[in-house]
Amino acid sequence: MVGVTDIKFLSPENLLNLATDVVPLLIMAVGMTLVIYIGSIDLSSQSVANMATVLATVTLPVAGAASALVVMAAGLLFGAVSGIVTTRLKVPSFIATLAVGGIALSVAQYVSGQQALHMDAGQRNHAFGWMQGSTAGIPHELVLALVIVGVAWFIQNRMTAGRVLKAIGTGEPVAVASGIRVERYKILAFALSGMFAAIAGLMFSVKLSGGSPTLAEGFLLPAIVAVLVGGTPLTGGVGGVMNTLIGTMIVAVVRASMLYLNIPATGQQIFFGLVLIVAIATTIDRSKMRIVK
Amino acid sequence: MTQRLTMENLRKWVPLFVLIGLVLFFTAVNPNFLSLRNFARIAISSSPALMVATGVTFVILMGSIDLSMEGTIAVCAVLFALMLNALGGSLSGAGWLAIPGALLIGAVLGAVNGLIHVKLKIPSFMASLSLGFVGIGLSLLITGGDRILIEDPIFRSLLTVRVGGFPLMAWAALACLLIAWFIQDDTTVGRNFYAVGGGEDLARASGLNTGRLRVTGFIVAGIFYALGAIFAVARLGIAETETGQNFMFVSITSVVVGGTSLSGGSGGVWNTLVGVLIVNVIGNGMVVVGLPDYFQDGVLGLLVIAAVYLSTDRRSLFFVK
Amino acid sequence: MFELQNVEKRYPGVHVLKGVDFRIGDGEIVGLVGENGAGKSTLMKIIYGAVRHDAGNVLVDGVPVSFSNPRDAMKMGVGMVYQEQSLIPNLTVMENIFLGFEKPFVRFGAIKWKKMAEAAGKQLRKVKLDIDPAMITSKLTFSQRQLVELAKVLTLEERVEGKLVILLDEPTSVLSKEEIDLLFGLVRELRGRASFIFVSHRLDEIVTLSDRIYVLKDGAVVDVMNSAEADIETIQKKMVGRDVNHEYYREDKQRPYDDGHVLLELDHVTIAGRGNDVSLNLHAGEVLALVGVEGSGREPVLRTIFGMKKPEKGTISIRGIPVRSFSASESVSHGVGYVPRERKIEGIASGMNVFENMTLSQMRNYSKSGVLRIPAERELARDWIRRLSIRVASENSDCGNLSGGNQQKVVLAKWRSSGSEIILLDHPTRGLDIGAKEDVYEMIRDMSADGVGIILVADTLEEAIGLSHTIAVIKDGEIRKWFNCQPGSKPSPYDLIRYMV
Amino acid sequence: MSFIKNYIEHQTLNRRNLLLLSAWGLCGAAASSSLIGRQAAAATSPDPKICWSYRDRTNPFWNSIVAGGEAFVRSLGRQSGDLINLINGGSSEKSLSDIQSLLSRYGSGVALAVDPNDMPNCRPVVEAVSHAGAYVSTIWNKTDDLHPWDFGDNYVSHMTWSDVGPSEQTARVLFDAMGGKGGVVHLGGIASNNPAIERQQGFKNALKAYPNIQLLAIQAADWDTQKANQVMSGFLTRYGDAIKGVHCASDTMAYGVIEALRAEGIENMPVVSYDGNPQAIEMIAKGKLLATVFTNAYWAGGITASLAYYAATGAFKPSAEPREHREFYGPTAVITTKDAQEFKTKYIDTNPEYNWKDFWSLAKGPIRYKS
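Chains A, B, C and D supply the protein sequences, listed in that same order. Heads up: the first sequence runs through residues 1 to 293, numbered per this note's numbering. Heads up: the second sequence runs through residues 294 to 614, numbered per this note's numbering. Heads up: the third sequence runs through residues 615 to 1115, numbered per this note's numbering. Heads up: the fourth sequence runs through residues 1116 to 1486, numbered per this note's numbering.
Read the hints as simulated data drawn from the structure, not as lab findings. Here a beta-carbon is modelled for each residue, glycine too, at the ideal position from N, C-alpha and C. Just to be clear, a hint being listed does not mean it is correct.
[What the hints assert, rightly or not] Distance windows between CB atoms, simulated: (1) L327/B <-> A1324/D: 55 to 65 Å; (2) H1246/D <-> G504/B: 51 to 61 Å; (3) V278/A <-> H629/C: 51 to 61 Å; (4) G137/A <-> P1161/D: 27 to 37 Å; (5) G504/B <-> D635/C: 32 to 42 Å; (6) G137/A <-> V985/C: 47 to 57 Å.
All chains, please: the whole structure from these sequences, using the hints.
Encoded structure:
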């Protein structure tokens, strides 16, 4: 539809640009997918990403490229905490991740000294310059994102962990009665989500060459929406990372299309909401839902 | 009525103990905390949140969730202010019609939300999230981003006039809470919310029209959001798109902290009152004891986890989503 | 008078009811029997309005009616006492009784609780249940709930003019002997106002209580007999369609077990929350049946052995080694397998395909450093589909779409293929049709012959007697009596019941 | 409604196909259109599109910015609606991707006025614009190492406001009103935002000159009216009557503070703020607020768009301009009770006519960096 209005929208360069722009969002959404896949939700992603931008910027001068590891470890840790709070303390993930997000935000504010920080260009290029380059017109960021999606897909479809997550999503009691240590895998899902969020933050931070406790603001809802529109409903067990890849593209296209369709700025939210309802109504698989809550 | 002090009976009161514990803690750090004037301040900040959280309580009791409140509040607040100003600008004149008007708008938005959820079979999380975007967009479209001021002294007396040390707003909110309590405990619809939350298929087998009930739940919630919007406008004298900001997470957190289960069927509006007070006491207390602002998000998070942890009966939960 | 004429019902691919005629006179008690899958539940659903028939007529007092939901049926005086708990646990007893019919108690929008409590008290007195109507339902015992179900249906007496038809679906399965007597007494008392359709697996009860008996097989009524002339064996024969003999439980295949080889030992095990202790030995090749009434504590024993519950006291030893940490994964790694009663909740992950379900408990065997060997999984699934003749399009089919019997075979294959030596079967034939049941019996014999120790909680007493080497009768969580169960010298159900209640 | 339900149930059967189709459709369309050549980047464009990218519409400051932008667009004989609005809602990610989309649609024929939302976001925005050959002028958020002159003509200019000085002035007004003694609290914006940092700095500078003024507390209220209201009530409990004056980093927060005081029946507490919103100026005229700083967002909104536009048309060549024309401070004026009424008639009730080609008429000199 958008393509018809303006053919330029469909130029490969534009689509490539579009895809590259949503890379951080995509990575966060992929992490979120794992959690939504088991029927939970992760509201801490945005704050973890915020924290990641700060940590990346702060550790870059000290650790160089290894700062990526620090950031990922921090994401993993915060995700795992969410998972532990949800499984062991039985706090619903909606609340647990919201609360852990608050903690991540505090860490971000404390570490940053409540300032927007910027990376030294030389150090950035030395450690992460390769991320910004492109080969044969394809940005490395995009390649990296696809690799990460590929890894997530592999975990989901080809590894024990992925199979267990599917089992938890479709029927947690079955997994328990099959002798699976369900809690561990749930914690793993949250931890991975945290790590993906941190990677998203890191990439965004490299792209913007800086960090701030508010830099990743506005990521959370689009990421959730991307997962849902892709067809991974909150009921769990259905969908997956490939769906989220498509979902993220849909979000990106919808957002960009508002420009192409000349939707006035004040009306964009309405348009977005309506498109969302239509998209979910047509893509959701109701056959597995006996009761729609 | 004498109740045995079993763990189970005790568990019900845990949120209240948490609240009392927090009050004692903050008082110990700064004795100023324990004063009528400060409680009045907490009451003012709690009143709008209480209405919103009460509204979403009904939805959560049914086992659904509603994330549309920010949009609904924004639309109700803005239209309320526009109506009030268009009808003479004072509650003493025709302006009072703005109040039922706003409630009606809340009800309509709730109905739309419920119908999309029930008729299109979209889980409430997604339906209401989308509708929240639409609501915010709508209010933006109406105001073009402007703020609408309300100067009517009669309306603002909700904030400025005090009875027994508390502003009228707090009493009005309490009255609305009593109405909510009545709906919850003494009306058919209210009891049927519990039935749907306790087992939707069983309720359906007993001949309840659960679809209609769900829509009703969202309508009731919408009306309470409208009340929340009115109080929020009364608190600041300003109606704008941002009036609804932050209510989503705060209200749902309050409901859960109060001990109402997200899986539906247990809890209620009194739990929500305690939950709202816990959240607002923490918010106020952190400022009062002078906690550095960059720690506040984290401490709030920790306290919320602790409160929910203490008030959940883990034996009854096989697994938690 | 309530009548079905030539009622038909089809679901995609299945002809569930084939021209059923059914009639019940005023004040009559009619028994309805049939194997699982014979169409009983569909027939009942049509009667109480949960399902619409495709063809034929439903007549009330000779007038054709059409129920679009249970509420419509209730208005015509047709009510259902459910087998599964249909009371909502978080509501009070009185709210459950009047759920959906609160209107008479509402004044100015408010429910008058006093009035409702009085009315509920009246209903409860009908079933001779002395409880506070304001009690939360989840605090009632199973049998109390069953009576509340009945009291709920009896509100039709006041609500509807004229005669009532009440369906009782397996009402006795959770009741004690005294409670059953009370229930039967009540039913007889109420005949003046209502007629009853009584559905039960306990044929002796059917014969005792009902006036006439409808036998349903493969969606058709194969016989209607007067109870006076009926005996259990004939009914059974009609239900199954052939002689039910020792063949049925494959008794000829029962081999003595190896009593020198103890697989599992429970030594004075106390299960949390119950002041009891259980000791037993399970040998290689032995089928040990736990027998008792509903709620007597059979399931907790299974769940404790499987590690889902932690024993308070005592030791559980597997192959002579005491178990130290209790979790399902620990038990599975010791070769314990569990076929749960709630197949759709705990047994089968619907949404996952056949091979995914089969390897769920043994992914370690089918993966290398966390990466699954999917071709090997498929191979395994194909092998077992063949061995157990599971009817399924391929190993990629969604298990949620399989019939109950095939699902159960997948669950059994899951444990068998992982080499479990101790298998716990909780109602393994629940809800299966005859053919599938026989397949399950066959598998139990095969496993036993392979030296697998099996603990069985059976669907019926006959099943327990027919299949087992040893029977332990459990009451109040304690083993009251042991029976040796060698072919030729098997105890009768009545021998067992004496110790059960 | 049932036909809708049927339709949807029917649709769901095909949901997988639908998703796949849409994905394939995108790829296919991309492949087919790859034959269409890329538009050549033009150096200048006779009639560029004009666009403003900013945080949100719910803030009076941004509303004035947009009003100014629209006034400029009208001065070109176009409709107000011809100004393209990009609202990022506080998300740097959306800000950047919206701008990318815009550039991919119009190529070099765009003149952008941008607030990049967060300082680090400025570089990628500017890089994207200059890569496309379009023209951009920014305000507020820019890192210190980024300069328009490093990008030739495409990065036309950056305007920001030096908030330290005016904030210090309002603080002095406040302290004088307090009689030079007593306790004071400061409510700041989102702590990592540059204006929040500068405005707090100005406040602290003023404190040095007033030894008898006691600083009670500083806390961020995130530019948010409701949060400011809550924080102020907390302060009232903590310090009670010790608070003799309030310094706010924005008008929006001051409204919350004043309402918190009003709830307590405190009417005469001196409060100063920043931004110069119409509502704030009205309050100053009525004596409810002591002072604010007018940043002339209307002019800023117009002139920023104008700079980008005229650079894009080639009316002037940015690289030929001196550096103080590429990076400069915007106008600030402290407004107190004395001049509020006069100011209101001049700037609020009507907007003065500006000559949008006189780019630097109100500029306050080149930007000075700390190090």
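Ascending list of hint numbers which this structure does not respect = When the structure is compared with the hints, numbers 1, 3 and 6 turn out to be violated.
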